[in-house]
Each structure stands twice: as structure tokens, then as C-alpha cells.
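Colleague: So you can see what is in the structure, the chains are spelled out below.
Number of protein chains: 4
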Amino acid sequence: MSHSKSIITTTEIIVKFSDCDALQMVWHGNYIKYFEDGREDFGRKHTLGYWDVYKQSGLAVPLIHVDCDYKKFVGLGEIITVESTYIETPAAKIIFEYKIFNEKKELVCTGKTIQVFVDAVTKELLITVPPFYQAWKQKHL
Amino acid sequence: MSHSKSIITTTEIIVKFSDCDALQMVWHGNYIKYFEDGREDFGRKHTLGYWDVYKQSGLAVPLIHVDCDYKKFVGLGEIITVESTYIETPAAKIIFEYKIFNEKKELVCTGKTIQVFVDAVTKELLITVPPFYQAWKQKHL
Amino acid sequence: MSHSKSIITTTEIIVKFSDCDALQMVWHGNYIKYFEDGREDFGRKHTLGYWDVYKQSGLAVPLIHVDCDYKKFVGLGEIITVESTYIETPAAKIIFEYKIFNEKKELVCTGKTIQVFVDAVTKELLITVPPFYQAWKQKHL
Amino acid sequence: MSHSKSIITTTEIIVKFSDCDALQMVWHGNYIKYFEDGREDFGRKHTLGYWDVYKQSGLAVPLIHVDCDYKKFVGLGEIITVESTYIETPAAKIIFEYKIFNEKKELVCTGKTIQVFVDAVTKELLITVPPFYQAWKQKHL
Chain H
11 MSHSKSIITT TEIIVKFSDC DALQMVWHGN YIKYFEDGRE DFGRKHTLGY
61 WDVYKQSGLA VPLIHVDCDY KKFVGLGEII TVESTYIETP AAKIIFEYKI
111 FNEKKELVCT GKTIQVFVDA VTKELLITVP PFYQAWKQKH L
Chain P
11 MSHSKSIITT TEIIVKFSDC DALQMVWHGN YIKYFEDGRE DFGRKHTLGY
61 WDVYKQSGLA VPLIHVDCDY KKFVGLGEII TVESTYIETP AAKIIFEYKI
111 FNEKKELVCT GKTIQVFVDA VTKELLITVP PFYQAWKQKH L
Chain E
11 MSHSKSIITT TEIIVKFSDC DALQMVWHGN YIKYFEDGRE DFGRKHTLGY
61 WDVYKQSGLA VPLIHVDCDY KKFVGLGEII TVESTYIETP AAKIIFEYKI
111 FNEKKELVCT GKTIQVFVDA VTKELLITVP PFYQAWKQKH L
Chain D
11 MSHSKSIITT TEIIVKFSDC DALQMVWHGN YIKYFEDGRE DFGRKHTLGY
61 WDVYKQSGLA VPLIHVDCDY KKFVGLGEII TVESTYIETP AAKIIFEYKI
111 FNEKKELVCT GKTIQVFVDA VTKELLITVP PFYQAWKQKH L
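Chains as they are written, first to last, in the working numbering: chain H, 11 to 151; chain P, 11 to 151; chain E, 11 to 151; chain D, 11 to 151.
Honestly, the hints are just simulated from the structure, not real lab data. Do not take every clue at face value.
Pairs involving identical chains hold if they fit within one copy or between any two copies, as the list cannot separate such chains.
[To be verified] Below, simulated SDA-like cross-link-like pairs (lysine to any residue); rule was C-alpha separation at most 25 Å, straight line:
{"no.": "1", "residue 1": "K55", "residue 2": "K122"}
{"no.": "2", "residue 1": "K133", "residue 2": "F83"}
{"no.": "3", "residue 1": "K15", "residue 2": "L151"}
{"no.": "4", "residue 1": "K43", "residue 2": "A70"}
{"no.": "5", "residue 1": "K43", "residue 2": "E113"}
{"no.": "6", "residue 1": "K81", "residue 2": "L69"}
{"no.": "7", "residue 1": "K43", "residue 2": "V126"}
{"no.": "8", "residue 1": "K55", "residue 2": "V25"}
{"no.": "9", "residue 1": "K65", "residue 2": "K82"}
{"no.": "10", "residue 1": "K133", "residue 2": "D79"}
{"no.": "11", "residue 1": "K81", "residue 2": "V131"}
{"no.": "12", "residue 1": "K26", "residue 2": "Y64"}
{"no.": "13", "residue 1": "K103", "residue 2": "K114"}
{"no.": "14", "residue 1": "K133", "residue 2": "G87"}
{"no.": "15", "residue 1": "K133", "residue 2": "L117"}
{"no.": "16", "residue 1": "K133", "residue 2": "T19"}
{"no.": "17", "residue 1": "K133", "residue 2": "D62"}
{"no.": "18", "residue 1": "K43", "residue 2": "T21"}
{"no.": "19", "residue 1": "K55", "residue 2": "I18"}
{"no.": "20", "residue 1": "K133", "residue 2": "E113"}
{"no.": "21", "residue 1": "K81", "residue 2": "A102"}
{"no.": "22", "residue 1": "K82", "residue 2": "Q34"}
{"no.": "23", "residue 1": "K115", "residue 2": "L135"}
From just these sequences and the hints, can you work out the full model?
Modeller: Next comes the structure, spelled out in C-alpha cells:
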């Protein structure tokens, strides 16, 4: 009886000058990039990165959904931590939830992404869980 | 009896090489930029751009929420149309909904943003509708 | 007797909020994107865009050089004009020089890019002028 | 007799999915961002970052020049090293030269930036070396 089918990765990021906008705060669109940074860091640590998926299966994993709720501003030079939580689902999807914290451990934003599997060449959508992902789940969850 | 307290702006965008990712399709994060392009085009046409707001009120209008649901891939050189719909709300917020279409008029993605008003210097949140925005609404809605 | 083996394209760009940095001026790296915008606009007008080249020849045209000299700041909402000048060369290269002007026709920056031809799949460099480019030159210069 | 008025910082960067373009290689404009990453890392290590300068002097340090020569492609997931070399000059400028290497220690690109000092508010250019920078040089060179 497991209620814990999730895996969490934390990733530190230094906010760059070019991440900030005219308000001298991180431009809102860049949090979507930070989510990707967290997700790719998860991928490297748990062999579920874009390349891992592609090499094993010929599949790409485009997003079908992203959302982000902003709680606090983050400025130049701050070090933020992206907490990426893999959320188990029986569907042919990869779901992550994100929390970003500043150095004071204050919650900066929350978000979520949903990815699906498509053939990297034809771009056709998979509606059943691909074998490599089934195997990955069995190994990691 | 008005059920039409919305204003719609459409904005054409040519997808650039640097907008595309390794799948040769627009990188998902760039749709957030397209939403901003649509919103700023609305702002230019209806005097509600970042600068308009700032000059009239000393306020900035950061996002507290964005979401995007992706329906179709868009590739290099395609011309897309962002349909930005201003959604009336009594709250001290600016709400937009977006639909992006490709040249075949197929729906590419939908999304939403919510902005609030903060003092551009202190970054303090306004909880009541600022006078300039009340005036803007009376004029435009 | 031609000393004019150049073609000039001008492209208008509205400076976006997300183009600006914490100084509220265009971030220097974005001028490289404006050069690409100008180059791609040239490409659309004279069938020398990335896709045109690829479809006709299976080649890609990566940069081997870029430089930019910044003369004046440009801020949010300004409308700039990129003047992209195609520079004839006998080498297997595509050379452009750029001038960017603000609305007052003041010179904002100058720059240059040099592109070469590589096989899009093997990434192997072409050292002789490919036939499609020779044909393009004869038609356009 | 000193020929060594330079300081070198090395900075590791993991190439991200969103850094790559439709050729599945790092988009050329992103090297300008990598140069900034290297420069800001230098700044953090040697108190010459954007904020350090601003807080000590009220000055900003915009670029007046950048160039980059591309030698080799870099792809998704590669780890690159930016070698940022501070170049001493008697002028009121900050000059850096960059070399980027891949994991095989192959030279990927070279580049250079020149920054000047301007008043962060008036944007007026300083033509003499500001005192804080003179002090910085005496301490670090």
C-alpha cells in the first residue's frame, strides 16, 4: 500500500542578469525554463532526460500543459532551489509538480507540467504507455 | 445587460528560427512569450501596456498566474495568430485568455494570465482597484 | 561595372518587455536575435531563408562569426529598424552586415555575421560554393 | 615586468534543451549568454559582478562590443567550460576574452566583450576610471 509513488529532485539555480526583466526581477516566462532545468536535472539523475527517452524509444516528450502560480519576486543573483516532484500516473504521460524556493526557504512559485509521448519523426501521439517507460516505472517507483 | 465585457485583439507573429527547439518545433516556453506579445499588442491598441500603466500610476503589473494547454506543434516559418481576450473582473487584476491559431485556423494552444498591481518601487501589492484602471474600464468596456 | 554587389533589406521590430534587462534597456544578447530577425526577413524576401536553403540543398547555414558594436541604448516599446546588407563574397560563405536604427534614425548598433554551409545531417563543412547558391547569386546579384 | 595582468575564471555549464535550436545544436546567440555566465561567475568570485559594481558606485557596465568565433558544434546535454580571462587595460573599460571548451577539451568558440561604465540612472558615460574600479584593480591585479 503505497501512497508515495513520487520522486523528488532538488536543483539549485543562480538567477542571471539575462533572466531578469525591466523590474529587475526574474521575467515570469523564465520560470518555465527553471521548471525545465529541474525536470532535466531529474532526468539526468533518474535516466528520464530527453535524450534518455529518445535513445531508448525513438520518442519525444513534448508538453501538453504547463501552469505556474507566482508567489514572490526573485531578483538578480539570488540562488533558488527547484523542487521537482515526479507524480505517478497510469496514463501515457509524464507529470511533474514544481516548487521553487529562495534562499530563505520562502516559496517563490508552484507549477505543474504534463508531457506526452510522440514519435520523434512522425510526431504521432502514443496513447498507451510505451514499454521503456513501463520498465522505467518498475525500476524507479 | 452586457455579457460582453471582453475585448479581443489579434496579433500576427512569424515563428523564428530561435523560437524552435531540437524537435524543430516552437519550444513550449516561447508560447508564454507569444502571450506577452499578444498582451502588449492589446496594450498598445488600448493604452494598457506596461508603460501606459507605469506612466499613469507608478504601478507595475506582474503575473501571478499563467497556464498553457498545447494542442498542436508549430514549426519554423509558420505565421501564427494570437487572439488575446481581455476578461472583465471586479478584482484588482488584469485577466487575459489566449488562443493561438496557425495559418489553417487550427487551434494551436490556449492559455490564461492573471496580473496584479504592485508599486513599481516598493513592490507592494494593491488590493483595491487603482483609480487609473477604474477610469480605463469605464472608457473601454 | 558593378561595385554594388550588395542587397539591403530593412525590417521593423518593436522592442518587447522580455527583450529588456534590469537596466530597462534591451539586453545586449538580444541584438544577435535582431540580426537573425533581419537576416530571416531578407531570406523570406529573397528566398535565402534557413528553410529555402535546406529544401533546395539539404544544407544548413550555421554561423562561424558574429560581432556587434553598441552605440546607443534602446528601451521598451521603441521601434527599431534592422538594415541587413548582403555582402557578396566568392567564398562558400554568406556574409551580412547590419545597422540598427531607432525611430529618430540614430544608429543604435552595427554588426556582422558570417555563415558557412554544412550538410544538415553529417554537419560536414562545404569548402566550395554549392550549386544552388551559385544559381541564387546569378539570379539576385 | 608583468605580462600577467589577467585573471582567469572557469565556469562549467550544462547545455540545456532550450539552448538548442532546430539543428539540435546550441543556438549561436546563446554563446553570448554563456559569456555572460562566465563573466558573472568571475564577478561573484572577484566582486566585480553587476551588483557589486552598482552597489559600490551607482554605475552600470553595459557592453559596447561583443564578438564570437564559432569553431565546433555543441549539442544537448554536453558540459562545456567557459574560460573567462580578465584583460587589463588603462582605459575606463572592462575587457574579457572567452574560450569555451567541450568535455574533450576541444575549443568550441572564442570571443571577447568590452564594457564601459555609465551612471545607472542618467546613463551618462564615464570617460575616466571610477575610483572603485581603480581600487579593485590595485587589490586584484
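Colleague: Failing hints, ascending?
Modeller: 13, 16
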